[in-house]
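Student: Just so you know, the sequences run in chain order X and B. So the first sequence is numbered by our numbering: it starts at 1 and just counts up by one. So the second sequence is numbered by our numbering: it starts at 1 and just counts up by one.
Since the hints were made in silico from the structure, they are not lab data. Each hint should be verified, as a subset may be incorrect.
To give a feel for the contact side, a few chain B residues facing chain X, derived at Cβ under 7 angstroms [claimed, not checked]:
id, residue
1, H102
2, I158
3, G159
4, S173
5, F177
6, P181
Here the structure is a predicted model, which means the values were calculated and not measured. From the three backbone atoms N, C-alpha and C, an ideal C-beta is built for every residue, glycine too.
One letter stands for each residue in the lines below.
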Amino acid sequence: MLEKALRGSKKYWLWVLFLLSIIFIGFLCYLYQFKIGLGITGMSRDVSWGFYIANFTFLVGVAAGAVMIVLPYYWHNYKEYGKITVLGEFLAVAAVAMCILFVFVDLGQPVRVLNVIRFPTPNSVMFYDVIVLNGYLLLNLICGWTVLHAEYKGTKYPSWLKPVIYLAIVWAPSIHIVTAFLYQGLPGRHFWLTAVMAPRFLASAFSAGPALVLVAALLLKKVANFDPGKKAIDSLAKTVTYAFIINVLLFIFELFTAFYSGIHSHQAPIKYLFVGLEGHAEWVPFMWIATILAIIGILLLVIPQTRKNETTLVLACIAVFISCWIDKGIGLITGGYTPTPFETVTPYRPTLPEIGITLGVWAIGFLIMTILYKIALEVKASKELVVKYEGILYKK
Amino acid sequence: MAIKRRDFLKLTSVTLIGTAVSTAVGDLLTRGEIKAEVYTSPPEALKGKRWAMVIDVKKCKEGQKKGCEKKCIEVCHYLHNVPSIPDKKKEIKWIWEDEFEHAFPEQTDEYLEEIFKDVPFLLLCNQCDNPPCVRVCPTQATFKREDGIVMMDFHRCIGCRFCMAACPFGARSFNWFDPRPYIKKVNPEYPTRMKGVVEKCLFCYERLAQGKIPACVEACPVNALIFGDLADENSEVSKILKERVSIRRKAELGTHPSVFYLID
Numbered sequence: 001m002l003e004k005a006l007r008g009s010k011k012y013w014l015w016v017l018f019l020l021s022i023i024f025i026g027f028l029c030y031l032y033q034f035k036i037g038l039g040i041t042g043m044s045r046d047v048s049w050g051f052y053i054a055n056f057t058f059l060v061g062v063a064a065g066a067v068m069i070v071l072p073y074y075w076h077n078y079k080e081y082g083k084i085t086v087l088g089e090f091l092a093v094a095a096v097a098m099c100i101l102f103v104f105v106d107l108g109q110p111v112r113v114l115n116v117i118r119f120p121t122p123n124s125v126m127f128y129d130v131i132v133l134n135g136y137l138l139l140n141l142i143c144g145w146t147v148l149h150a151e152y153k154g155t156k157y158p159s160w161l162k163p164v165i166y167l168a169i170v171w172a173p174s175i176h177i178v179t180a181f182l183y184q185g186l187p188g189r190h191f192w193l194t195a196v197m198a199p200r201f202l203a204s205a206f207s208a209g210p211a212l213v214l215v216a217a218l219l220l221k222k223v224a225n226f227d228p229g230k231k232a233i234d235s236l237a238k239t240v241t242y243a244f245i246i247n248v249l250l251f252i253f254e255l256f257t258a259f260y261s262g263i264h265s266h267q268a269p270i271k272y273l274f275v276g277l278e279g280h281a282e283w284v285p286f287m288w289i290a291t292i293l294a295i296i297g298i299l300l301l302v303i304p305q306t307r308k309n310e311t312t313l314v315l316a317c318i319a320v321f322i323s324c325w326i327d328k329g330i331g332l333i334t335g336g337y338t339p340t341p342f343e344t345v346t347p348y349r350p351t352l353p354e355i356g357i358t359l360g361v362w363a364i365g366f367l368i369m370t371i372l373y374k375i376a377l378e379v380k381a382s383k384e385l386v387v388k389y390e391g392i393l394y395k396k
Numbered sequence: 001m002a003i004k005r006r007d008f009l010k011l012t013s014v015t016l017i018g019t020a021v022s023t024a025v026g027d028l029l030t031r032g033e034i035k036a037e038v039y040t041s042p043p044e045a046l047k048g049k050r051w052a053m054v055i056d057v058k059k060c061k062e063g064q065k066k067g068c069e070k071k072c073i074e075v076c077h078y079l080h081n082v083p084s085i086p087d088k089k090k091e092i093k094w095i096w097e098d099e100f101e102h103a104f105p106e107q108t109d110e111y112l113e114e115i116f117k118d119v120p121f122l123l124l125c126n127q128c129d130n131p132p133c134v135r136v137c138p139t140q141a142t143f144k145r146e147d148g149i150v151m152m153d154f155h156r157c158i159g160c161r162f163c164m165a166a167c168p169f170g171a172r173s174f175n176w177f178d179p180r181p182y183i184k185k186v187n188p189e190y191p192t193r194m195k196g197v198v199e200k201c202l203f204c205y206e207r208l209a210q211g212k213i214p215a216c217v218e219a220c221p222v223n224a225l226i227f228g229d230l231a232d233e234n235s236e237v238s239k240i241l242k243e244r245v246s247i248r249r250k251a252e253l254g255t256h257p258s259v260f261y262l263i264d
């Protein structure tokens, strides 16, 4: 099936070339970082995780969001998702690949990465995160590819796949829960030390993941003649709506706990993010953009007319996606490190090479997604019967 | 019986694969390493079950008045090849001085802050009895020794900085660059570090093995730092802690720090 990715229109190749050039720039930035060290980033002794880990955390969510499509299709036999299931699975593959790359570029000694496997440490949450992420990547690749291959051959997928699919479904929440546990079990980081961290991760994932699939599906409808089906889009939009509202609610619960209890240490990170602390307000505009986008997203999704209109739906999904990215990516990380253990503020801003590497990883993810989606759509299209009769195309 | 070419090839390949797999699995189980002998410390080594430090902050202030010039920090950083990096955001420190309100941010009592306004607080790794950094390290590059010291293996550290996120005391530093150009005078007795690994105070484990107390304790001219075994009822630290008022940083977090501050 891979050959289908090697033949394409001019537009397709231009897009691939564009991604490759960004990957190349990112790679050059990474070589620079590899030589000099992580000092080329904006990270510091006090804010020792930054943009890379922020993007990693966010993308774990996007990856597991795919389960919102796979689960109804296989578990509840919801046939409407038949066409977009593979989109969900391949999105998960691309997102997890990005996650793994983001962790890798964040390592101070990347050549020693296999030490994690050489010296397995069951008391470290990182150990489980490596297992669940790689496992999820493999499961989705196997499920998506095998089902598509069966379709390509015109048969039903083999029966051994069924348990693998079910495993992939129950595996999905584990990648968020374990990633949330990276944060919520650390003493002395007030912003992270909360039991709703894992539920927040799940809610933001179940909104941001399907939102991206929706945007991708509607984009493919325009550029690749792919019809995801009206009902599928409607249902998925509802999933995004519910999950995103729960996500926002959980954040409001955090605000209540911090401000009604009056505990300063719980309030400090939230103050830093939304109004600034001790004269530092680096991320205040970003957090307010996220807030405004969240409000716009919810309004567009809740009102039935705008949810059913494809243009406003795409806008709503983009708003949800960016809002989640700011909140769960950069907000969560800088908020966790601010104030420092000394109750001081050390500002963090990503540097240019850091952003270059980040964009490079995103481009790799989009390239994987492009190739896999191209294959999937070509396979699906080749199964459609098209008859030309007296100059008019008839599609079954 | 003549063996067919096809069968011969089958047999050969099965044998080859079998051998490869069995060696690989065997290697994986033993990790291709010879098991290390249990380390026996030399006879002159100081032995303890839980090394601890007591810092008398008022004595420390007196010492500074008399002009000790913070010898403890200077000696430690020289002996352990700690680089002096001018950029505060990327600096590396094993022992340093800070104010009361930064060392004990949870004690937001203005009277206390007034009392300790000009009192120096020496900060270093707390060598916690229940260290979160050890709990989170994915490669056991940081681990707790039997004598209570929280150790670092600089050669195993992958530089993921999970330990820095886990440490509530900001005791850990990361080598954002190659630190060697920033070391003013290299001490050949102690290894320098490379870029991309985490480091911190190790309670002078290398000196304890030679029967010497930690360098900062030895360097203090007014004996403001006291070192000893907390598990030993009769040690100097145990006796002092029974008699005088001491506090530990963020004791409520349950990490059980082994560094105590005498405040009376």
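Student: Does each hint hold? Answer for all of them.
Tutor: Hints, verified against the model:
1. H102: Result: holds, 4 angstroms to nearest chain X Cβ.
2. I158: holds (5 angstroms)
3. G159: holds (2 angstroms)
4. S173: With Cβ-Cβ at 6 angstroms, under 7 angstroms, it holds.
5. F177: With Cβ-Cβ at 4 angstroms, under 7 angstroms, it holds.
6. P181: This hint is violated: B:P181 lies away from chain X, its Cβ roughly 12 angstroms from the closest one there, beyond 7 angstroms.
Checked against the numbered hints above, the structure breaks only hint 6 and satisfies the rest.
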